[in-house]
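**Q** Hey, can you work out the whole structure from these sequences and the hints?
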Amino acid sequence: MRELSLPVDNSEFDAYARKILAIPILQEEEERDLIDRWFLHRDISAAQRLVEAYLRLVVKVTVRFRNYGFPLMDLASEGNIGLMKAIKNFNPTLGHGIATYAIWWIKAAINEYVIRSWSIVKIGTTAAQRKLFFNLRKLKNSGSVAGLDEHQVVGKISEMLEVSKNDVEEMERILNVRDVSLNMQLGEDGSSEVHDLIPFPEANQEAVLSETRERQMKNRLLYEAVESLEARHKEIFVARSLSAVPRTLKELGEKFSISQERVRQIHARAMKKVAEYVEEHGRKLGIV
1 MRELSLPVDN SEFDAYARKI LAIPILQEEE ERDLIDRWFL HRDISAAQRL
51 VEAYLRLVVK VTVRFRNYGF PLMDLASEGN IGLMKAIKNF NPTLGHGIAT
101 YAIWWIKAAI NEYVIRSWSI VKIGTTAAQR KLFFNLRKLK NSGSVAGLDE
151 HQVVGKISEM LEVSKNDVEE MERILNVRDV SLNMQLGEDG SSEVHDLIPF
201 PEANQEAVLS ETRERQMKNR LLYEAVESLE ARHKEIFVAR SLSAVPRTLK
251 ELGEKFSISQ ERVRQIHARA MKKVAEYVEE HGRKLGIV
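When we follow my numbering, the leftmost residue of the sequence shown carries the number 1, and every step to the right adds one.
Worth flagging that the hints you see were computed from the coordinates, not collected in a lab.
Treat the hints with care, since some could be wrong.
With a straight-line cut-off of 20 Å between C-alpha atoms, the simulated DMTMM-like cross-links for lysine to aspartate or glutamate are [as the list claims (entries may be wrong)]:
| id | residue 1 | residue 2 |
| --- | --- | --- |
| 1 | K88 | E31 |
| 2 | K60 | D74 |
| 3 | K273 | E230 |
| 4 | K140 | E159 |
| 5 | K156 | E169 |
| 6 | K272 | E227 |
**A** Right, here's the structure in full:
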């Protein structure tokens, strides 16, 4: 099959990447100072500088997905959210480097987006499905199952990935579904289909997803908590706490025709409700 690529215009991302890569790399002493200021004193300006400095990691991870058929700016946006969560949660006393930790979060965020968007069919809702989604085809095409019949292949893969045979067979059905969006024929001879152009991530990304299962459950709780807020509280909370570029009190005050102090009060109240929701429901799930 001749190599094809999906018609996605990534010029916006390319321009963005050039801008980000022009940002100076932090010197070791400056990085330590920023980390201390953020971790010990919750200095917002230090956190913002760390995020800015490590946006290059988002670019680095995002370009690995260039042939996935997704607009790279969409993937970069997801990666940016992962980066901000990494900076927010980074604990220098645990011994790992901030760059390594950030890449872990960035990959997980982009992988999650890929899973959500890959098909009309709902996949990747369990740890087993995630393992299979990223590895099933790769293993079937590898020499590790050569010479085995179909039943033996299922058994072998279930052992290798530590999932049930039923999970393997279910993912086989999902990946073989004649999904209109993924089976649209391409090329003059009609021999290529959209899903043929979507590669699978490297095996170590499965480990990332497996290790982040609890975090994903917490993220789900956060989503549910935010959705439980009334409209204005929700919009202010998202704009102040979850946006790639947090909105200022002044901007939100002007938008809602209220004082900056009122915006601050609403945001504080929303944060309290979200925290209470996550704590209450997280305790039931055993994750807080």
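**Q** Take the hints in turn and mark each one as holding or not.
**A** Hints and how they fare:
Only pairs whose Cα atoms come within 20 Å are accepted, and K88 paired with E31 is accepted, the gap being roughly 15 Å. At most 20 Å may separate the alpha-carbon atoms for a hinted pair to count; K60 and D74 meet this at roughly 14 Å. Distance restraint check for K273 and E230: the Cα-Cα separation of roughly 11 Å lies within the 20 Å cut-off, and the hinted pair is therefore satisfied. Note on K140 and E159: the hinted pairing holds, with a Cα-Cα distance of about 13 Å set against a maximum of 20 Å.
Simply put, K156 and E169 have alpha-carbon atoms about 12 Å apart, close enough for the 20 Å limit, and the pair holds. This hinted pair checks out: K272 and E227 have alpha carbons roughly 14 Å apart, not beyond 20 Å.
Violated hints: none; the structure is consistent with every hint.
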